[in-house]
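Heads up: the sequence lines are chains A and P, in that order.
According to the numbering used here, the stretch in the first sequence is residues 152 to 456, in order.
According to the numbering used here, the stretch in the second sequence is residues 163 to 565, in order.
Hint data in this document are derived by calculation from the structure and do not stem from the laboratory.
Since we're looking at a predicted model, the values are computed, not measured.
Backbone N, C-alpha and C fix where the C-beta goes; we use that ideal spot for every residue, glycine too.
Treat the hints with caution; some may be incorrect.
Unchecked claim - Simulated crosslink set (SDA-like; lysine to any residue; CA at most 20 Å straight-line):
hint, chain 1, residue 1, chain 2, residue 2
1, A, K302, P, S546
2, A, K419, P, I285
3, P, K315, P, R274
Claimed, not checked - What the simulated footprint calls covered on chain P by chain A, stretch by stretch (three residues with Cβ under 8 Å from a Cβ of chain A suffice, anywhere in the stretch; the number is not a length):
hint, region
4, 259-272
5, 376-384
6, 399-408
7, 451-465
8, 507-514
9, 537-550
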Amino acid sequence: MSILIDADTTFIVQGITGREAVNLTRECLDYGSGAKIVGGVTPGRLGRDVHGVPVFDTVAQAVEHHGAPIDGSVVTVPPAFTKDAVLEALENGVKLVVIVTERIPRGDVAEMVELADERGARIIGPNCLGIIVPDVIKMGGIGGPARDAAKSYSPGPVGVISRSGGMTTEMSSTLTAAGLGQSTAVSIGGDAIIGSTYAELMPLFEADPDTEAIVIYTEPGGRMEAELARWVTDNGSRLPIVAFMAGRFMDEMPGMSFGHAGTIVEGKEDTATEKIARLAEAGIVVAEEISEIPQIVKDRIGAKV
Amino acid sequence: MRFFEYESRAIVAKAGIPVTKHGFAKTTDEARRIAEQIGGPVVIKSQVLSGGRMKAGGVKFADTPDEAAAHAADILELEIGGHMPRGVLVDSRAAVKHEYYAGVVWDGIRKRPVMLFSDMGGIDIEQVAEEHPDHVARRHFSTRTPFSDWEAKQLIASLGISGSALNRLTPIVARLARLFLEYDMTLAEINPLGELEDGSFVALDAHMDMENEARPRQKAILTELGVGDDETRLAREPTPFELAGEEVDSQDHRGVAGNVTEFDGNLGLVIGAGGGSLTLFDAVRAHGGDPANYCEIGGNPSVSKACGLAKLVLQKPGVDKIAVMMSIVSNTRVDIVARGVIKACVELGYDPAEKIAIFRIPGAWEEEGFKILEKYGVEYANRSVSLHEAARRAVVKIQGAAA
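In isolation and in its complexed conformation, chain A is listed as follows (with noise of 0.2 Å):
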């Protein structure tokens, strides 16, 4: 078992024809089983292909040619469309949109998010690499090329989530290399505002039998891990969680960005040092190197049993 993807969703790329969409698309499709990409979207270019997907100018288009409902769509558009790529898809019925995009000003992201919850779906992102569910489907660029993607990736009983890109397969890389394999990786994106948070993506995994724990790659920067925190205290997780805490360097610097968009200490409540205090409150590991995640995993695994 998975959250958001398995082998049968379908998706489309919008935006498909740009060079990195092309190489994305190519990715997805050798991955796993191959994803099921459906149709591409990039206004003008109606009637052409891209490794063999159909290329639309609309997502009516691509939903009537399919015949059903499309699942996903990853977009991959430059920041000034992407919001109406988003609309758009969340207008015609997709339900999981995985934006990759980055430089997307929060009024917009705001305004996709509140269509997406008028509409019950789900983003992902922006400035994301995307989810992929080892072995079988992996939906965005997450991993890189199908033959690396299968160095990193295996699958296991582990939730990935991690604000950072390629912080997802580097973690899920040092996992693997242990043994323990992850049921599916969740780049979030790192960006202030995004579509899934840590916390709104637990009830996911907790529902997922599959998963035995979770580990979280986080920085400074916003509210996210005490939102993390609280949902953990509220609900009793199930699942340990295991949290790696990058840019404590930043604590000495407030006012500058580094790293991703989202990530700048503005005030007392956002630094590495406070969301570390945080997490360990709510029961949260926080593991001071990468490499001592997967023994600490593996011990709270253990001492449930």
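Given chain A's structure and the hints, the job is docking chain P onto it.
Chain P in isolation, oriented as in the chain A frame:
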């Protein structure tokens, strides 16, 4: 991106919110002329982006134009928090009966903008929220439906404010909420929002922050305010080393060598990408290392970009060695980065094996990359060596060399 107070005033006034009579001056003569025009007691306020102006002596009161000019002369020369002022704001001193607070910020958890209103203005809103939570009202609002005035009214009335004050405050707060969305602000704050003796309201100080990502589409207002594309408005001004880093990045469009930030250590860092850089910088320091810089490379940079960045770091005074480290790459090619950093060493007349403390970039094209590194005798590591272990090895090597 932060706005100066005089710019924030202009934004607020443009939105139809009343402000006191004021002017922006870059010289003492201009300050005197504005004070004459205002014709009464004035306040001279330093226009810097750092806080704590009052405490630093950057805000002074004057009763005559001559006194205003004298204060302006002092304040124009006064450095505050490492910044010289851009000029001074000459503001009329209004007879204020009561001070309120009105602000709009983003709530990243609710993913909506939230209006804040308080009848205890003039002090930091976070302090009010902590000490007098019943004096702060909050209300989230939609980005999808047009903002309606009743939302502001309900917010203000929830503090027990009624009568003409409520009716005069409502349009001010509504305009603030609208301008927040219209101009892609991350903060729009009027503090204090003054109630004058005659019952009218006026913005006495305003603080605006625009989201950097929105600057391209906010060209119109930025041009109107005279804000140039080259103004970063960061917490501190970029150093020459950092500007040279931007230069390297803009030389060609392939890949990113971003966020080059100067530190004063001896270990140069060629690191990436976003999360990897944060992890590695911490790791170097955790092992007692002393970084000379921070940076984020990624997005498949060209050989010349990797070379340019490595050269910049290698030539920084005090740098003994560089460490080239990234989290597992899928888009960036290991061999290209390897080629770039070796080229930098060779062209500067250094032995790569001696100058590169460690190369730890696993991922795409790693076999090709490792072959090149082997040829030059550079110590490299694959994914079996953790980021922290790679950082530790680099620190051990540079400390061994220094001893």
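Given that the region 507-514 of chain P was listed as covered by chain A, double-check it with a C-beta distance under 8 Å for 3 or more residues.
-> violated (count 0)
Quick one: see if chain A covers the region 537-550 of chain P, three-plus residues with Cβ-Cβ under 8 Å.
-> holds (count 5)
Holds or violated: the region 399-408 of chain P covered by chain A, criterion of 3 or more residues with Cβ-Cβ distance under 8 Å?
-> violated (count 0)
Count the residues of the region 451-465 of chain P with a beta-carbon closer than 8 Å to any beta-carbon of chain A: does the count reach three?
-> Holds: 3 residues of the region 451-465 of chain P have a Cβ under 8 Å from chain A.
Are three or more residues of the region 376-384 of chain P within 8 Å, CB to CB, of chain A?
-> With 3 residues closer than 8 Å to chain A, the region 376-384 of chain P meets the three-residue bar; holds.
Pair hint K419 of chain A and I285 of chain P, alpha-carbon separation not exceeding 20 Å | holds, 18 Å
If you draw a straight line from the CA of K302 of chain A to the CA of S546 of chain P, is it 20 Å or shorter?
-> Holds, at roughly 12 Å.
Stated coverage of the region 259-272 of chain P by chain A [criterion: 3+ residues, CB within 8 Å] = That given contact holds, which follows from 3 residues of the region 259-272 of chain P lying within Cβ reach (below 8 Å) of chain A.
With a cut-off of 20 Å on the C-alpha distance, tell me whether K315 of chain P and R274 of chain P pass.
-> holds, 19 Å
When the structure is compared with the earlier hints, violations turn up for hints 6, 8 and for no others.
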